[in-house]
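J.: Below are the chains, spelled out letter by letter.
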Amino acid sequence: MNSPSNEAITQYKEARPPPIASVGIIGWLRHNLFSSVSNTILTLVSIYLLSIAIPAIVDWVILSSQISGDTRFDCKVEGACWAWIDQRLGQFLFGFYPASERWRVVIAFILLFPALIPWLTHGIPGQRYLRWFSVAYPVIATILLAGGFGLQEVPTDKFGGFMLNLIVGLSGIVLSLPVGIVLALGRQSKLPLIRWFSIGFIEAVRGVPLITLLFVSNILLPIFLPPDVTLDSIIRVIIMVTAFASAYMAEVIRGGLQAIPSGQYEAADAMGLNYWKSMRLIILPQALRVSIPGIVNTFIGLFKDTTLVIVIGLFDILGIANAMVSNPDWLGLSTETYVFVAAFFFAVCFSMSRYSMWLERRLARQRH
Amino acid sequence: MKRFSLLIAAMTLISGVASAGTLDDVKKRGALQCGINTGLAGFAYTDDNGKWAGFDVAYCRALASAVLGNPDKVKYVNLTGKNRFPALASGEIDVLSRNTTWTFSRDVKLGFTFVGVSYYDGQGFIGRKKLGVKSAKELDGASICIQTGTTTELNLADFFRVNKIKYEPVPIETNEEARKAYLAERCDVYTTDASGLAATKSTFADADKHMVFPEIISKEPLGPLVRQGDDAWADIARWTLNALINAEEYGVTSGNIDKMLKGTKNPEINRMLGTEGSLGEMLGLQKDWAVKALKAGGNYGEIFDRYLGEKTPLGLSRGLNALWNNGGVLYAPPMR
Amino acid sequence: MTNRITLGNIWFDKRGRGYLLQLLVLFCVAIFLAVITSNTIANLQRAGLTSGFGFLGDQAFFDINQRLIDYTSQSSFGRALIVGLLNTVLVSSLGILTATLIGFIAGVLRLSNNWLISRLITSYVEVTRNVPLLLQIIFWWAILTSLPKVRESISIFGVSFINNRGLRAPSPNFEDPFIWVCFAIVVCLLLTLALYVWSGRRQKLTGETFPIPLAGLFLLVITPLVVFYSLGQPINWDIPTRTRFNFRGGFNITPELLALWIALATYTGAFISEIVRAGILSVSTGQSEAALSLGLRKNQTMRLIIIPQALRVIIPPLTSQYLNLTKNSSLAIAIGYQDLVSIGGTILNQSGHALEVVGIWMFVYLSLSLATSAFMNWYNKRISLVER
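Chains as they are written, first to last, in our numbering: chain P, 1 to 368; chain D, 1001 to 1336; chain B, 2001 to 2388.
No lab work stands behind these hints: they were computed from the structure. One thing to keep in mind: the hints can contain errors.
Said to hold, decoys possible - Simulated crosslink set (DSBU-like; lysine-lysine; CA at most 35 angstroms straight-line):
#1 76(P) - 1073(D)
#2 1051(D) - 1073(D)
#3 1109(D) - 158(P)
#4 76(P) - 1130(D)
#5 1164(D) - 158(P)
#6 158(P) - 1295(D)
#7 76(P) - 1051(D)
#8 2204(B) - 2149(B)
#9 2149(B) - 1219(D)
#10 2149(B) - 1134(D)
#11 2381(B) - 190(P)
#12 1130(D) - 2149(B)
#13 1130(D) - 1109(D)
#14 1137(D) - 158(P)
#15 1109(D) - 1129(D)
#16 1075(D) - 1311(D)
#17 1209(D) - 1311(D)
#18 76(P) - 1209(D)
#19 1166(D) - 158(P)
Claimed, not checked - Over the 12 angstroms line for every Cβ pair with chain D, so calculated as not near, a few chain P residues:
#20 55
#21 57
#22 69
#23 91
#24 120
#25 160
#26 218
#27 220
#28 223
#29 224
#30 228
#31 279
#32 353
Cβ coordinates follow ideal geometry from the N, Cα and C atoms, glycine included.
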């Protein structure tokens, strides 16, 4: 061993660079992909599988696909045949809605956004007026879609395609909000009879599959109605979907109600507010704001479930896809149509779920 | 308890305002509600514009035309095998024209009235030629696609039980799904009404590789039906169908009907077209109800040829459905 | 002191208002039910239909391809419904088991420090969660029915066959001496249990561990095998044989069951993985750090420290996923798997008793739901006892 140097160290030594293997691409790879033997094996296997799957999918969907043609016989390629999109997209979106009137559906859809905005964000100019607009929106949309007031009347059997999914999903959610609030309050109520009815309804509806409720709407609701009254089949579906969604909505809102600190309830009581006033002015506004992510999630679930209406003979986007592939011109394109419908739903639901996650994070930040 | 039943009685009074009859309902509504298939080539299908057409649809149009004077005033309600009867029973539709077999229990127990037979059918089988099967009796151990909730499902079980043959039933909800399952060779043969088989076969890309067995294992008289108890409406539905059939027998077509309206030597034709007698009034309709019905899509023969006949992809021959004086069993009562 | 409620002050008294409100609600519900009942009676009368459950004894006349109990077309509607119920229970239990497995694996892997794996799992979760289940069921059915045809079946050692009509495997026929094998299994099971209890006690007292897995393996696998072979293999296998159209013999898992099973398991598995992930993240990192510094290995930390604590967060939402899966199994109708709803629909159509059939559906699903949640509540309680 050498003797220690007598010279005092007056300068810091420059830091040595980290080992090559822990920074940069190599470091990242080592840390994230090859940190242990088992990880390395997993990584290699996944890379191998991906290297088979991705080129095949890209090839089928894009590279060797064809997007032009009048019938399936015009498609002469190995990959997907997207030629039908050009001719049938209208039906996928609007069902059998008359082509000359489809602009009304588009307008109703565009107007949906200003109607939704005041509930999902706050602090934008003219919010108060927008709220009035969104209260009026269901009426406006109904007139636009069904006709009347100078617009040509369109019977509901022409409703179909993606539009039908949206109508059923949105009306289910919007109508179930008030019902859900009442049920959630009822479930928390101190009055035993009201509490029991609420619990009974919520649990009964949550305990059965939507499909049986759709059968009720389709088969039993007409029997429950007075003999000479008939309800449109889409309206009957909306009634049962609303009943279904309101049970789930009630549970979401109950979660919101429980998230409100009891101090708020007590403060409202101390102010001398009665039950309805304290709910309307203090509790519900806070509880609903907390519940919005849950409501969006309920909507996503409901929206996906609207595809079930095919079981009772309505032509939603999946029904239209089925009807199309039974047409001799487009026979055997079921893979393409199902991929298309799946991608469509994925795009809509994924963006909504991202939105609800963003909301949740923002709410969490606000609370801290 | 007594009070409760009083309450129920009161509610019944309130809600049970006497029925005015289906005819008045249809007129008030301005549209005929007609139950049809969710999709079966030749019988009920949509064109590229989303309009419904087909053999079953043509009857709806004729009826709407006879009652309301306009064949387009129909609201179509698409029904699966499962919800067709509840839809009719509940009044959601006025008439069911969805290739439905006339059976004893449907007529008697389910409370419907069949107004006639629009198509004499029978249950058959379709299979691939390469199977080398000539008769359903050779299907021991085969997988067979069937539509659930149909008479064919029951016939099939009977047939195989009587002949002591084992099979694997593959239950399917709609004709479209059955077609897919059959093409995927999920099942060896598909069984349904022979007309449905022809319709399904017409949509195959390789139709010549498949064959419909010559064997027919059941009688399937298909026809429109209405609710029991409204005889006036049942008469209208029945005689509209009869008018279409008689028109073919008398040679009245959509092409020559305007000429015939000026008067013919055949009093039967004159009575039917309303230029003589008052058959329309007896039904509670206008004098020219049958003229309107015929103008909607022509007589029975024209409708058959347009949607099912030999010139269509289905390529069905008239067979049993030829007129009685032409070797078939189609025989409508006289218009007198 | 409480005020007396009189007719005069009833509206100005909080309790009085409560009574009034409840009475009002009761009245509305009663009216609602009365109207529905009277309408139904009127409608049924008008249609000339009868009601009542007597039809369940009538002969069904239709065949069912998948049945866990004996059933022929001469059995009754009631028996057909039971066949359907058992099919529902079968696919739900299979689905629940597999979904739990998938969910736990995916949930843990998603937190893995392997970037590629966690990304892959994330995309699996996002895709399955955001596409309607109905589509996924149809998709899997389409995949399974595009497998090789019967003629070109994939043979596994010549005894099992995979084709587009499902999976056909040998089914065992037990001979009489097999009872001794069962006996051996039961005895070994008891022995293992006893060993487990004894080793646990010893570990508490002395700290010494005992290789339970190894001993259990020896007892539970080797011993019955020895008994089995020494008795001369008292099982004969019913090996499927090719007939003109299909295979005969053995047992068959239809593509409908398989498609429904896979779709339900992957769909619910994705939801469960989210729950598991949230559960694991809810356990504070201090716990795993403490465990690691105590010298526990990584998988031991997971198994002994993290998972037991996470389970308490996981169980309640897991229950509702199980219920969802059971309810979602009713989508079987889309591909013709003969579950309760599917068979009920057929009966409804053949007999015309819509009200009764829908009533049975509701009753069965509600009972299944209540039973599942009761069991999970019991389990949850048992697990929470671990908390100190």
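J.: Failing hints, ascending?
T.: 1, 5, 8, 13, 14, 15, 19, 23, 25, 26, 27, 28, 29 and 30
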